[in-house]
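Asker: If you want the building blocks of each chain, they are given just below.
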Amino acid sequence: MLRYTLLRILGAIPTLLLVIALAFLMVHAAPGGPFDDERVLPADIEANIQAHYHLDEPLPQQFLRYLSGLLRGDLGPSYRYHGRSVGSLIGEAFPYSLQLGAMAMALALVIGIGAGTAAALRQGTVFDKVVMGFAMTGISIPVFVIAPALVLLLAVKLQWLPAGWSGVTGMSRYVLPVTTLALPQIAYIARLTRASMMDVLSRDFIRTAYAQGLGTATVVRVHAMKPAMLPVLSYMGPAIAAILTGSVVVEQIFAIPGLGESFVRGALNRDYTLVLGIVVFYASLIVFLNLLVDILYGAIDPRVRYR
Amino acid sequence: MKTLRALGLLIALAVGAACGGEDPAGPPGTLQRGLSSDPETLDQHKARSIQAADVIRDLGEGLVGYSATGELIPAAAERWEVSKEGLKYTFYLREGLRWSNGEALTADHFVAGMRRLVDPSTAAFYAAMLADLENAAGITSGDIPVSMLGVEAPDDRTVVLRLVQQTPYLVSLLTHPSTFPIHPETLAEHGDGFARPGKLVSNGAYTLDAWVPGSAISLKRNEHYWNNAATAIDAVNYHVMVQDNSELNRYRAGELHVTSTVPPDSFAQIRKDYGEQLRVAPYLGVVYFGYNLTKPPFKDNAALRQALSMAVDREQIALRVTGRGEAPAYSWVPQGVNNYEPPLSGFAALGKEEREQVARRLYKEAGYGPDKPLRIELRYNTNDTNRKIAVAVQSMWREILGVEATLVNEEFQVLLANMKDAEITQVFRSSWTGDYNDAHTFLSVLQSGSAANMPRYTSEEFDSLMALAARQVDLEQRKLYLEEAERVMLADYPVIPLYFFVSKHLVSPQIEGWGDNVLDYHYSQQLSFKAAQ
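Sequence order for the protein chains is A and B. Okay, so the first sequence: first residue is 17 according to our numbering, each after it adds one. Okay, so the second sequence: first residue is 765 according to our numbering, each after it adds one.
Hint data in this document are derived by calculation from the structure and do not stem from the laboratory. Yeah, the Cβ is synthetic: ideal placement off N, Cα and C, and Gly gets one too. Errors might be hidden in some of the hints.
To be verified - Partial pick of chain B residues on the chain A-facing surface, computed with a CB cut under 10 Å:
| # | residue |
| --- | --- |
| 1 | Gln796 |
| 2 | Pro884 |
| 3 | Ser885 |
| 4 | Ala891 |
| 5 | Ala895 |
| 6 | Arg960 |
| 7 | Ser982 |
| 8 | Met1005 |
| 9 | Gln1007 |
| 10 | Leu1020 |
| 11 | Gln1177 |
| 12 | Ala1181 |
| 13 | Asn1182 |
The task is simple: from the sequences and hints, build the whole structure.
Answerer: Okay, structure coming up:
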C-alpha cells in the first residue's frame, strides 16, 4: 500500500512537469502582454516595467527562472497585483473555493444519496418519478441559468437571502452559491444511487437477508448501501472536477473571491504567473484527489488490492 | 461504511476550517459602492486602472482636488501661485496636515511622492504624468538621478514645481492619485507592499481597513484628516462587481447605495423603474474607429477615409444602438472640456442626404465602385455593445457605398496587440478617456511618436500647431492653436469618432451630495446619508 502510494506520487511528477511546460507556453503564446492597455505606455516606461518583471529575457530563461522558483515553493510575483506574490493570492483565494466546494459536495452527497435510495425503494411510484424528473432537469440546466434565476426569485423579489457575497456576514451568503453549485451534482448522484441501489437490491444476498427476517431499513443500511456506493465513489473524481469548474461560473456571478474567479481574472489580464500558479495548484490537487479516491476504493471494496 | 463516515468527517472538517475570516458588513451608516473591477494595487504610483484611482482618491489627497460638480478646489494646498512665464508653481500647504497615524505631513512627502513616480526603478505606469517637470524625461529614461527632478520643498509647508514648458493643465494633474504624497517611513519599512491593510498610512478622508482581493475593500474614517469634521460617512465598502447584472441585482436587493455602471441591455427598463435614481452624465471619453494609416487601402487615401467616415450615421448609433444618452461625435475632443470649443468635422453641417451623396462621390474618386467594392476587416474587442455598433456600421457602409466589411471580434488583449503591431489591422474599434480636464489629454494622443497613436497618424502641420500651443503663455492663444490643430487633424480623417461616453450610475435616494461631472469622480467624503425622516 505504501509502496503503491509512493510510486503513484513519483509517477505524477512527469505529468505535472508536462502540465507546467504546456501552460507556460500557452499563456506566453496568447497575444497581448500583461501591461498592454489602450493607454499605451511610452517606450522607456514600458522597458522599465518589462525589466522589472524579467519579461525582457528569452523565453527558455524565463521558464528556467520559473521552475527554479517553483522548486523553492515560490510561484513568483503577480503581474497585476503589484507587490503581491501568487502564493499569497492563492492562499487567500483557495479557502473560499474549498469552503464552497466542500459544502456543495456534502450537500450533493447527503441529498443525492438519500433521494436516490428512497427512489430505488419506491420504484415506479409518483415519488420516484418526481425525484427522477427533478434529477433530469438538474442535469440539463446550466449553472449560469440557475444562479440568476435563484437570485431574482430569492434575493430580489422575496428578499430572503442576500444577492451578493461581500459585506454580508453569517451563513446566509452561502445558501445561493452552494445550492447553485450542488444542484447538478445532487441530480447526478441521485440518478447514480438509484440505478446502483436497484441493481444491488435484486441480488441474491439481499434476498437472503430479507429471508433472515431483517427489516428494509436494516437490509439497506447494513447490506445494500456499501456495494451500492461504489459507482458513487468512482464518480467523486469527476464530481470534484465539475465542482471546481462550476465554481468558476458561480464565483463570477456572486463575486466570491475564490480561485475560479482569480483564474478568469488572471487569464483576461494576462497575469502569467497567477494563471500558471493556479494551473500548477489545480493539477497537483487533482492528482492528489485521484490518488485518495483510489485508496478509498480499495478500503471499501476488498476485491480491489494494490500491488 | 466506516470509510464513508471518515469521508463525511473530512468534509465537515474542511467546511468548519474554511468558515473563519468573515469580512465585515461595516457599522450601520456604511456607504456601499460597486466597483467594476478589482484594483490591481492601492499604491498610488503603481496603480493604473480607473477603479484603483477611484479608491485611492478616497484614501489619499493631492495638492488639489475636485468638487462634486467638477470644479478644481484646494485640497492639501490651501492656495497656489503661478510665476508670470508659467514655468514655476508654488503651493502652500494647509497648517497642521497629518497622516492617518497622526504624524505630520510635510512638503517633503509630496516631493518624495513625485520623485518615486518618475523613478525608473518604480516602473510606474503614470510616470509620464509629470513629464513636463524639469528633468523628468531624463530621469525616467535612467540618465539623470531622481534628485534632479524639478520639485522641491523650501520649507515644511511649501512645494515648488519647475516646468520645462507651459502646462496650463498642471493644476488639474495634481488631482491625479499618481501625484499624491507618500509616507516615507512606511515605504522604507514595507517596500512595495506598503499599500496593504494594517500597513498603509494615508492622508485622505479615509484609511484602509480591509481588502479581500476580488471581493471588497473596506475604508474607515481618518480621524487625523484636516477636513474630518466635514466628512459625513464613517465607513465605505467598495464591492468588486465584475458582472454588471450581478451589481444591478445587489442594488435592487438594497445591498448597494451606488453602482459603478448599469447593464446596457436593461437600460430602458432601469430608467422606467428607477427614474431619478439613474444618473447619466457626459464623461470625458470618445469611442472611435481608427484606420491603420501605415498600410493600403487607407494609407495616403484621405478621400476613402472621408467617405467611410461620412457614411456613418452617428445619430443612429448614439440613439438606437447605444441609447444611453451618449452624444454623437463629430470631433475628437468631447464637449465640456475646460477652455476649449471643439471644432466639428466639415460635414457635420450637411444633412443626411448630402452627406451620403458626397460620401458616394469620394468613394468613387478613390477608385471603388459596384464592380470593385472595397473589402476590409473591421476589428473590435468582444463585447455586446461593440458588436451591435460594428453590425450597424457594416450595414451603413454596405447600403450607402457598397463596402464589403468583414467583422472580426477579438479578446481585448489580442486586439490591443494587433493595434500595436499595425500589421493586420485595417479598421479597429478603440476609445480614449481623458486623464485630466484639458484638450491636451485627447489631442496629444494623435501626435507623431505618441505611444497611444493607434492609427499611426503623422502630420507636420498638426505637430507644429501642438508645439506652438505648448509654448503659449496666453491661454486664449493656446486655445486657438489647439482648436486649429484639431481642425487640421479632423480634415485628414485618421479616425472616425463615433460617440462620447456617458457615466451611468444608480444612486440610492438615501444618498445626498452626489454631483455629475465629466471626469466621473465621486469622492465618498462629499456624500452623506439623508437624515431619517
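Asker: Does Gln1007(B) hold up as a contact with chain A if the rule is Cβ-Cβ below 10 Å?
Answerer: Because about 6 Å separates Gln1007(B) from the closest Cβ in chain A, which is inside the 10 Å limit, the hint holds.
Asker: When the nearest CB of chain A is found for Pro884(B), is that gap smaller than 10 Å?
Answerer: holds (5 Å)
Asker: With a cut-off of 10 Å on the beta carbons, see whether Gln1177(B) makes it to chain A.
Answerer: Because about 3 Å separates Gln1177(B) from the closest Cβ in chain A, which is inside the 10 Å limit, the hint holds.
Asker: Min Cβ distance, Met1005(B) to chain A: is it shorter than 10 Å?
Answerer: Given a least distance of 6 Å, the restraint on Met1005(B) holds.
Asker: For the hint on Ala1181(B), just tell me whether its beta-carbon gets within less than 10 Å of chain A.
Answerer: Since chain A brings a Cβ to about 4 Å from Ala1181(B), closer than 10 Å, the hint holds.
Asker: Given Ala891(B) was flagged as interface, is its beta-carbon under 10 Å from a beta-carbon of chain A?
Answerer: Holds: closest Cβ of chain A sits about 5 Å from Ala891(B), inside 10 Å.
Asker: Using Cβ atoms only, decide whether Ala895(B) comes closer than 10 Å to chain A, and label the hint accordingly.
Answerer: This hint holds: Ala895(B) lies near chain A, its Cβ roughly 8 Å from the closest one there, short of 10 Å.
Asker: Take the shortest C-beta to C-beta distance between Ser885(B) and chain A; is it under 10 Å?
Answerer: holds (8 Å)
Asker: Taking the closest Cβ pair, is Arg960(B) under 10 Å from chain A?
Answerer: holds (8 Å)
Asker: Does the CB of Ser982(B) sit less than 10 Å away from some CB of chain A?
Answerer: For Ser982(B), the interface hint holds, since the closest Cβ of chain A sits about 8 Å away, which is under 10 Å.
Asker: Should the interface hint for Asn1182(B) be scored as holding, given a Cβ-Cβ cut-off of 10 Å against chain A?
Answerer: holds (7 Å)
Asker: Once the shortest beta carbon distance from Gln796(B) to chain A is found, is it less than 10 Å?
Answerer: With a closest approach of 6 Å, the Gln796(B) hint holds.
Every hint, counting from the list given before, is met by this structure.
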